[in-house]
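From first to last, the protein sequence lines are chains A and B. Numbering-wise (my numbering), the first sequence opens with residue 1 and increments by one. Numbering-wise (my numbering), the second sequence opens with residue 1001 and increments by one.
Hints are not guaranteed to be accurate.
Simulated crosslink set (DSBU-like; lysine-lysine; CA at most 35 Å straight-line) [what the hints assert, rightly or not]:
no. : chain 1 : residue 1 : chain 2 : residue 2
1   : B       : K1318     : A       : K224
2   : B       : K1448     : A       : K224
3   : B       : K1451     : A       : K23
4   : B       : K1451     : A       : K224
5   : A       : K224      : B       : K1336
Reference listing, derived: stretches of chain A covered by chain B, where coverage requires no fewer than 3 residues with Cβ under 8 Å from a Cβ of chain B [to be verified]:
no. : region
6   : 20-30
7   : 217-230
8   : 239-248
Partial pick of chain B residues on the chain A-facing surface, computed with a CB cut under 7 Å [claimed, not checked]:
no. : residue
9   : R1276
10  : V1385
11  : H1391
12  : L1413
13  : F1421
14  : S1426
15  : L1428
16  : E1440
17  : P1441
18  : N1471
19  : Y1473
20  : H1475
Simulated from the structure, these hints should not be mistaken for lab results. The beta carbon of each residue, even a glycine, is placed where N, CA and C say it ideally should be.
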Amino acid sequence: MTDSNNTATAPVVDDTEGLSIGKIVWGRFIRHKAAMVSAVVLAITVVIVFTSIGVAGIPGWWKWGPNDRADIVNPKGAPTMGFQDGSFQIGDHPFGQDEIGRDIFARVMQGAQVSVLVMVIMGVVATALGVAIGAYAGYYRGWLDNALMRMTEVVIAIPTLVVTAVVGRMLSDKSIVFGPISITTKDPWVFGLVLGLLLWPGLARLVRAEYLSLREREFVDAAKVAGAEDRSIMFRHILPNAMGVIIVNATLLMAAATILEAALSFLGFGIQAPNVSLGKLISEYSTSFQVRPWLFWWPGLFIITFALTINLIGDGLRDAFDPRQKRIPKAREFAKRAATKKESEVGS
Amino acid sequence: MSPRRNSGEKPAASDVTPADEAVVETEPTTASDAPTDYPDELPVEGIGHKVKPGDLVLDVDDLHVDFYVEGEWVPAAIELTYQVKAGEVLAIVGESGSGKTQSSMAMLGLLPRNGRHYGSAKLNGTELVGMSQRALSKVRGPQVGVIFQEPMTAMNPVYTVGFQIVETLRQHTDLNPTDAKARAIELLTMVEIPEPERRFDSYPHQLSGGQRQRAMIAQALACDPALLFADEPTTALDVTVQAEILELIRDLKHRIHAGIVLITHDMGVVADMADRILVMKDGRQVEEGLTAEIFANPKHEYTKALLSAVPHLGASLKDKVDNRIPETADKVLEAKGLVIEYPKNGSTPAFRAVHGIDLEIRKGEMVALVGESGSGKTTVGRCAVGLLPVHEGSLTVNGKDMHGISHRDLADLRKSFSIVFQDPGSSLNPRWPIGQSVGEPLVLAGWKKDKVTARVNELLDQVEIPRMYRNRYPHELSGGQRQRIGIARALALEPKLLIADEPTSALDVSVQARVLEIFTDLQAEHGFGCLFVSHDLAVVEQLSDRIAVMRNGEIVEQGTTRQIISNPQHEYTQKLIAAVPVPDPAEQARRREAAGV
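Produce the complete structure using the sequences and hints provided.
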């Protein structure tokens, strides 16, 4: 880190292209193994989920629809996927069938589509609201901070479960018409929106706290002297420094939303029939846990996949945004190195 | 002295016996993975209170420290060999990164996780290398005390100073709370903190920088250690406070019988403090010897370079051209009766930091504003760039009055001035590659992307930073490089007025010399008017045309550099000049005598 070391290794003149923060962060992110594996797993899962049974009227490649009934193949509709006659078979109903012969694979795909939709909408809405409100409150302080934070407290005080339950029931069979667009309130995205509008305060609080401390740092003054506008300081200068907190919380929130959606649907408040979501699938089949456990396995597996991959991706993003993040060697690798170094020195 | 030594001795003996037998038994399991034959526990006799002056306290032999960085072991200290005797001060001198701090921390088991050390370091005959953390925790405190560089971060801000000293005492002795408190107050008295009974209940932030450092020294001395590591104990302090702390350490040297290892980068600091000096460069010791010898006859090139990097007060006066800037030149900054207040904030009343000062800077002129922390000098600089409002009086910058200036006018005016901040570590956005930071003023001024790229490259060339560094983050550069980036950013738009707010105070002396050189060259080339805020007279003497000395929000003396340095009128200016360390033991001792301390 000394001057002489650095300058000695540097070529005299070259024209390195200036990279934006985005490019540098991306470069660091794709070197994060766990996050990259998670991103690939999530991407494959999402592609399968959306192409298998089709989406928005476009047909998919899977032979059954979520509500098609077929003859029950295995006893009790057990999964056909597995080892038979010494070889791996997928069969007609790889995830099994329910008691009336519907294909569980198709139903899980349908449920996962809804869950992903709810998760993404909720995540985007809550993060955008939380960051914007937290940033303005923390940067401007004073009356704006007071007003925004009191509002936040009101929202925090509202029990999410009760509101989603009431709103879900109230709107479940009404339609709102905006000109040519007609929205049915039982669409899953409305549910995601409601969740998003309820879950931003935690993030807003944390972002505000970050901004309160970051706004006092000297680089903010430096930006002011350079002539930066308030909005530029808030979102170009300070935001990258608050990214760690935001990403960790946004991903936790999205993972929590998957689970919250499952819980609400399990209670019968979330996604309403004929829509299915992963949580609703579990709830629907809750009575047959003893007899047909595969009815739980698959929705459960997908919930875990989404929650886990999103958290790991968030972790990778956080590390990528933090320029100081370094890989610390594992103790074993470390001891091995130490031993070899000592030996070589003793030898010489 | 004697009652204190007794009180430290008695508990130490009783402390070791019952608890440590248990430790010895459990130790093999915890330490089994460490390949070591070293004893895990110090013998009872090893407790450091019994050393006599002249005893060998620390014996370091062939000590190596390495760090594991990106798959490689990078050496930080190589074949370090030295001894410290009780009652002696050994100064380890070298730049940041020369391994002087890490080699000392390694002995205490305070290396970061990616560090390792081997070799031998014996404290009173007991091997410290390879000792378990548990046994080391009984060494740190009663046997070895550490004074850190920055007391604000080394002390816990949520506990009182007294609590932290009492905690150290009770950790290592069986003093009851009342006795421990009495001893803590005794220690605070010893380090000459005024009103020690009251300061006992103060939090670190309620003390001044110098008092905090004294409190930390008290904590380090709490258990009468045999060895004291002082890691840049005065780097974060003002010159006058630095002189007081050094005086205290020099005084303590005679009152406690500890060996002192003083780690520093400043040859001026060690001039009459150290008995012996060890010079380190890139992890190796390049020269060792008695202080007088090293100063009189440095052998190694690097030692010579270190010595010459210390600014000598008065040395550059002979090259000074008085009235280099004609009186008739345009004024880029003019303050008349300038008053600056920090507005009332909640229950904190409004604070008047600057009480009506007059100051002017002509085009191309370097004016230095000198004073201690809290004198209001930085406030003036921040006001001049519009970060603080003018309360009363007038401040004209580049022909525009800053009093009640409109948002739009200020935004316009900002293209014609800029500022270099004190700490480049915090004034550069840590999440922005440096190229983007340098280009920011250009982007905000509406430059096109390719022109910005070209200009950024040009600026990096001017401050002698390789262009390929533009995609690096600030923390990947050294302190000196970071500050050069700060200067490059400030010069991006060719300002007419540059405020430099202690741009070199966070840097090593040798690095400081380099940055100042670049700064002076750039000033000559670009011809901007400059307000150079600093606490260090020796630094400003090198580059300023005029000096204004500030104290408690008022300018007490103002004149050409030659006048101020060679013939200071005000008592405070004289005190400041006397406090500047001189890299010459004899001269330093003479001046200390003269100052009557």
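Status of the hints after comparison with the structure:
Annotation: proposed proximity of B/K1318 to A/K224 is violated, straight-line Cα distance about 40 Å (limit 35 Å). Among the hinted pairs, B/K1448 with A/K224 is consistent with the structure: their alpha-carbon atoms are about 20 Å apart, no more than 35 Å. A distance of roughly 20 Å separates the Cα atoms of B/K1451 and A/K23; the hinted pair therefore holds under the 35 Å criterion. Between the alpha carbons of B/K1451 and A/K224 the distance comes to roughly 22 Å, so the proposed pair stays at or under 35 Å and holds.
With a CA separation close to 25 Å, the supplied pair A/K224 and B/K1336 stays within the 35 Å bound. As drawn, the region 20-30 of chain A meets chain B at 3 residues by the rule of a beta-carbon pair under 8 Å; at three or more, the given contact holds. Counting residues of the region 217-230 of chain A whose C-beta sits closer than 8 Å to any C-beta of chain B gives 11, which meets the bar of three, so the coverage hint holds. With a threshold of 8 Å between beta carbons, the proposed coverage of the region 239-248 of chain A by chain B holds, since 3 of its residues qualify and at least three are required.
About 25 Å separates the beta-carbon of B/R1276 from the nearest beta-carbon of chain A, more than 7 Å, and the hint is not met. With its C-beta approaching chain A no nearer than about 5 Å, B/V1385 sits inside the 7 Å limit, and its interface hint holds. Interface hint status for B/H1391: violated, as the beta-carbon distance to the closest one in chain A is roughly 19 Å, over 7 Å. Checking B/L1413 against chain A: minimum C-beta separation of about 9 Å lies over 7 Å; hint violated.
At its closest, the beta carbon of B/F1421 sits 5 Å from a beta carbon of chain A; the interface hint therefore holds under the 7 Å criterion. Hint status for B/S1426: holds, given a least beta-carbon distance of 4 Å to chain A, under 7 Å. The beta carbon of B/L1428 is positioned within 7 Å of a beta carbon in chain A (closest approach about 6 Å), and the interface hint is therefore held. Below 7 Å, beta-carbon pairs count as interface contacts, and B/E1440 has one with chain A at about 5 Å; its hint therefore holds.
Restraint check, B/P1441 versus chain A: the minimum CB separation of about 4 Å is within 7 Å; hint holds. A cut of 7 Å between beta carbons decides the hint on B/N1471: the least distance to chain A is about 5 Å, and the hint holds. With 7 Å as the threshold, the beta carbon of B/Y1473 comes within range of chain A, its nearest partner Cβ sitting at about 4 Å, so the hint holds. Hint status for B/H1475: holds, given a least beta-carbon distance of 6 Å to chain A, under 7 Å.
Hint compliance for this structure: hints 1, 9, 11 and 12 are broken, all remaining hints hold.
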